[in-house]
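Participant: Chain by chain, the residues run as shown.
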Amino acid sequence: MNVQSLPMLRFINHLGETVEPLPAWANNETLVTFYQDMVLSRTYDNKAVALQRTGKLGTYPSHLGAEAFGIGIGHALQPSDVLIPYYRDMPAMWVRGIPMEKNLQYWGGDERGSDFTPSEDVHCHDLPFCVPIATQCTHAVGVAAALKIEGAHKAALVTCGDGATSKGDFLESINCAGAWNLPLVFVINNNQWAISVPRALQCAADFLSEKARGAGMNGVTVDGNDAVAVHDCVLAALDKARKGKGPTLIEAVSYRLSDHTTADDASRYRSDDELQQAWQYEPIQRLKLYLTNIGAWSDEQEQAWLQECKSLVEAAVDNYTNLVPQAPESAFDYLYESPPAELNAQRDELIHKVMRMQGGHHG
Amino acid sequence: MAEITLVEAVNLALHHEMDCDKNVVVLGEDVGDNGGVFRATVGLKEKFGLRRVIDSPLAEALIGGVAVGMASQGLRPVAEFQFQGFVFPALEHLMCHAARMRNRTRGRLTCPAVFRAPFGGGIHAPEHHSESVEALFAHIPGFKVVIPSSPQRAYGLLLASIRSNDPVMFFEPKRIYRTVKSNVIDNGEALPLDTCFTLRKGRDITLVTWGACVVESLQAAQELSNQGISVEVIDLASIKPIDMNTIIKSLEKTGRLLVVHEASRTCGVGAEILARVSESAMCILKAPPKRVTGMDTIMPYYRNEDYFMIQEQDIIQAARELVEGWK
Numbered sequence: 217m218n219v220q221s222l223p224m225l226r227f228i229n230h231l232g233e234t235v236e237p238l239p240a241w242a243n244n245e246t247l248v249t250f251y252q253d254m255v256l257s258r259t260y261d262n263k264a265v266a267l268q269r270t271g272k273l274g275t276y277p278s279h280l281g282a283e284a285f286g287i288g289i290g291h292a293l294q295p296s297d298v299l300i301p302y303y304r305d306m307p308a309m310w311v312r313g314i315p316m317e318k319n320l321q322y323w324g325g326d327e328r329g330s331d332f333t334p335s336e337d338v339h340c341h342d343l344p345f346c347v348p349i350a351t352q353c354t355h356a357v358g359v360a361a362a363l364k365i366e367g368a369h370k371a372a373l374v375t376c377g378d379g380a381t382s383k384g385d386f387l388e389s390i391n392c393a394g395a396w397n398l399p400l401v402f403v404i405n406n407n408q409w410a411i412s413v414p415r416a417l418q419c420a421a422d423f424l425s426e427k428a429r430g431a432g433m434n435g436v437t438v439d440g441n442d443a444v445a446v447h448d449c450v451l452a453a454l455d456k457a458r459k460g461k462g463p464t465l466i467e468a469v470s471y472r473l474s475d476h477t478t479a480d481d482a483s484r485y486r487s488d489d490e491l492q493q494a495w496q497y498e499p500i501q502r503l504k505l506y507l508t509n510i511g512a513w514s515d516e517q518e519q520a521w522l523q524e525c526k527s528l529v530e531a532a533v534d535n536y537t538n539l540v541p542q543a544p545e546s547a548f549d550y551l552y553e554s555p556p557a558e559l560n561a562q563r564d565e566l567i568h569k570v571m572r573m574q575g576g577h578h579g
Numbered sequence: 008m009a010e011i012t013l014v015e016a017v018n019l020a021l022h023h024e025m026d027c028d029k030n031v032v033v034l035g036e037d038v039g040d041n042g043g044v045f046r047a048t049v050g051l052k053e054k055f056g057l058r059r060v061i062d063s064p065l066a067e068a069l070i071g072g073v074a075v076g077m078a079s080q081g082l083r084p085v086a087e088f089q090f091q092g093f094v095f096p097a098l099e100h101l102m103c104h105a106a107r108m109r110n111r112t113r114g115r116l117t118c119p120a121v122f123r124a125p126f127g128g129g130i131h132a133p134e135h136h137s138e139s140v141e142a143l144f145a146h147i148p149g150f151k152v153v154i155p156s157s158p159q160r161a162y163g164l165l166l167a168s169i170r171s172n173d174p175v176m177f178f179e180p181k182r183i184y185r186t187v188k189s190n191v192i193d194n195g196e197a198l199p200l201d202t203c204f205t206l207r208k209g210r211d212i213t214l215v216t217w218g219a220c221v222v223e224s225l226q227a228a229q230e231l232s233n234q235g236i237s238v239e240v241i242d243l244a245s246i247k248p249i250d251m252n253t254i255i256k257s258l259e260k261t262g263r264l265l266v267v268h269e270a271s272r273t274c275g276v277g278a279e280i281l282a283r284v285s286e287s288a289m290c291i292l293k294a295p296p297k298r299v300t301g302m303d304t305i306m307p308y309y310r311n312e313d314y315f316m317i318q319e320q321d322i323i324q325a326a327r328e329l330v331e332g333w334k
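Chains as they are written, first to last, in the working numbering: chain A, 217 to 579; chain B, 8 to 334.
Chain A extracted, bound-state conformation:
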C-alpha cells in the first residue's frame, strides 16, 4: 500500500502542485526559507553519515526524509516554547538556534553536545536528545505542567517516531495531557519503520492519530513530506495550546529514506522497490518544484545555496574537529551539584589511570 494515498492534510503534492489553497502565512519568502533550511539539513545529514563512515563520528541516526517534519516544526515554535526532541530531530533543533556542531558533538561521544543554547545570554530549557523510546513524552507532560503552573502563555512540543506510539509512556502521556488539559503538542514522525518493524506491525489502527480519541484530544494526520502541511498544523496546535485550549496529537506521515542508524542495513528487511517509490514523495523536491514553477527560486539561487550549505556544514565540522576533548574526570564533575567526598578517591584513581594510558602526559 502506498501510504501517501491515504487521506491526510496536504497543501503541496509530490509533483509540486498545490492541492489546497496555501495558508496565509505561506508567502514566497517564508517558503524559500523553509526550502533553504531543508536543503541545509540534508547537506548536513549527508556529511554526518560520511563522517561516521570514515570513523570521525559515532553511530548516527540520519534524518533523511524528515526534513519537512523538522523544519516545519522548528519554525512553528516560539523561542519561549520548549522543545522535547527525540533523537532524529536535528533539523528542528537547528532552527531553534542550536549550532550544527552540537549535534556532531553529541553523536561524536561528547556530552557537551547537549549543553546548548541559541545564544550566550539565553538559558535554553529545551530538553536534550532522548534515546530511550517514548520516555520523552512523559517529560513533555512534566514540562507542559510546569508551563501551566507558571501561568505563562507558552507551549511544549514533543516528537517521537511511529514505534514510540506502541509504548506505555506514549499512551500514559497523551492520556495525562488530555486529562490535565496541558499546553502540549505531540508530533509523531510516522516514517513507516521502527528499525526493521514496519508500521503495520506496530498498530492495527489506520492512523496513529486515532490514538488521540481515547485521550480526549484532537488528532490529525498530515503529509509529513509537505513542510506547509506540517508547519500549518503545528502552528495551529501550538496556538491552541498557548491559549489554554489543550493538547493536540499530530501524525506526520513520511518515510525513513535512510537506514535506522549508520549501524543498520535496511536492505536486510525492506525492498528496493519500496524505497524507490518513497523517494518519489520525498519532501525537498516537491517544494523546489513548487517554488521554481511560481518563479520564486532559480537554478542560480540553487547553485549559490548549495555552495553556501557546503560552507556552513564545513565550518560546523571544523568547529567539531577542533574541539578540545573533555577531561575524562569530567564524568565526576557533573554527576552531583557537589560531588560526595566518597567519589573523590575514584576521581583520583581515574586521573592516574588516564595518566598511565596517555603515557604520563595528562594535563
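No lab work stands behind these hints, which were simulated from the structure alone. Incorrect hints may have been included.
[What the hints assert, rightly or not] Label pairs and their in silico Cβ distance ranges:
no. : chain 1 : residue 1 : chain 2 : residue 2 : range
1   : B       : Glu134    : A       : Gly367    : 41 to 49 Å
2   : A       : Glu553    : B       : Ile192    : 25 to 33 Å
3   : A       : Thr270    : B       : Leu292    : 55 to 63 Å
4   : A       : Pro295    : B       : Gly114    : 20 to 28 Å
5   : A       : Arg563    : B       : Arg58     : 40 to 48 Å
6   : A       : Pro295    : B       : Asp303    : 48 to 56 Å
7   : B       : Asp303    : A       : Glu553    : 57 to 65 Å
8   : B       : Lys208    : A       : Thr275    : 51 to 59 Å
9   : A       : Ile567    : B       : Leu98     : 31 to 39 Å
10  : B       : Glu134    : A       : Cys419    : 45 to 53 Å
11  : B       : Gly56     : A       : Gly232    : 47 to 55 Å
12  : B       : Val44     : A       : Thr275    : 43 to 51 Å
These numbers come from a predicted model, not from an experiment. We put the beta carbon where it would ideally sit given N, CA and C, even for glycine.
Take the given structure of chain A and dock chain B to it, following the hints.
Facilitator: Chain B in isolation, oriented as in the chain A frame:
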C-alpha cells in the same frame, strides 16, 4: 512543639517547604483530596491548591517522567509512589533520566526532584507492599538515597532532600510511620544528607542500621547493655552517599561491626559497608564483621511474614557471637 509521628513529620516538612518555596509541587496518586494513602500529604491541597498538589493518573512511569520534566523547568517536584513495590514502572525515568540529566547536559538542566515511597514489611500488607530495595537505587550513579528512622530525621532529611539540587530517593519506613512519636520543632532546619547519626554510644560493637530496624536495634542495645555488652548504634540515614568516616571512627573504638537491615542480604547495602570496612579498616577489626538481614527470598505473604522480619533476639544473638568469638 508537639509530639508527632514519623508520617506527620513528613507532612510537616512538606507543608513547611511548600510554604517557603513556591517551586515545590507535590504529585502522585491520591495525594490531593485523599491526602495520600498513608496521609503524608493531607492538608496540602487545601492550603496550596490544585496547581501545586496534583493527583496524577494511575500511571507510575508517568509520575517518574513528569517529575523529570517539571524539574527540568525549575520546579522542585516531590513525587509520591504509594509503595516501593510500585516504583518499578518508573525505574527507566529514575535511572535513565532523573539521575542523568545534570551529567547529560553538563549542568544546563538538573533534576531537583524527590521521589518518596514507603517501604518495608511488618504491616501485614498484601503482596508487593513490603519490599526493601534501597540497594537497587544506591547502585545508580547520580542519586542520593535517604531513609529516615525518626520523626525529627524525617522532617530534617526531607527538607534537605527537597532543597537538594540533585534527585533524591526518599524511602519511608512505613512500619514505624505511627509507632514512634517525638517532639519536632518546625523551624525549617534541614539535616545533612551525607552524615549518619549516632543514636547510642558504646564501646564493644558498632551496629549500623537504618529504617524500621533502628527500633529493634536500640532495644537490643539496651538488653545487651544489661548483659554487659556496650553497643554503639548508628543510623545510616544516608544510604548514598555512605558516611564511612563516622563508621570507621566508631570501629576504631569497638573493633566489631554488625550491620542490620531488613533488605535481602546478597548485594544489599550491608555488603557494601562490609566491603568498604574490609578495604580500609580490616586491621582494626577484632572479629569478622556480621550481618543480620532479610533473607534472599521473596517476601512471604503476611501469614509467615513475622518469621522474616528482624527480631530484637536476632540482633542480640549476632552481637553476642561477635563479642564471644566465632566458631
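Participant: So, for every hint listed, does it hold in this structure?
Facilitator: Hint check:
1. In this structure, Glu134 (chain B) and Gly367 (chain A) meet the distance hint of 41 to 49 Å, their C-beta atoms being roughly 43 Å apart.
2. In this structure, Glu553 (chain A) and Ile192 (chain B) meet the distance hint of 25 to 33 Å, their C-beta atoms being roughly 27 Å apart.
3. At roughly 57 Å, the beta-carbon separation of Thr270 (chain A) and Leu292 (chain B) lies within the given 55 to 63 Å, and the hint holds.
4. Checked against the given bound of 20 to 28 Å, the beta carbons of Pro295 (chain A) and Gly114 (chain B), roughly 21 Å apart, stay inside it.
5. Under the hint 40 to 48 Å, the C-beta atoms of Arg563 (chain A) and Arg58 (chain B), about 42 Å apart, fit the expected range.
6. Roughly 55 Å separates the CB atoms of Pro295 (chain A) and Asp303 (chain B), a value that falls within the hinted 48 to 56 Å.
7. Taken as a hint, the range 57 to 65 Å is violated for the pair Asp303 (chain B) and Glu553 (chain A), whose Cβ atoms sit roughly 36 Å apart.
8. Checking the proposed 51 to 59 Å range against Lys208 (chain B) and Thr275 (chain A) shows it holds: the Cβ atoms sit about 57 Å from each other.
9. Our hint of 31 to 39 Å for Ile567 (chain A) and Leu98 (chain B) holds, since their Cβ atoms are close to 32 Å apart.
10. Glu134 (chain B) and Cys419 (chain A) have their C-beta atoms about 33 Å apart, which leaves the hinted 45 to 53 Å range violated.
11. Taken as a hint, the range 47 to 55 Å holds for the pair Gly56 (chain B) and Gly232 (chain A), whose Cβ atoms sit roughly 54 Å apart.
12. Hint check: Val44 (chain B) to Thr275 (chain A), Cβ distance near 45 Å, so the stated range 43 to 51 Å holds.
Checked against the numbered hints listed earlier, the structure breaks hints 7 and 10; every other hint is satisfied.
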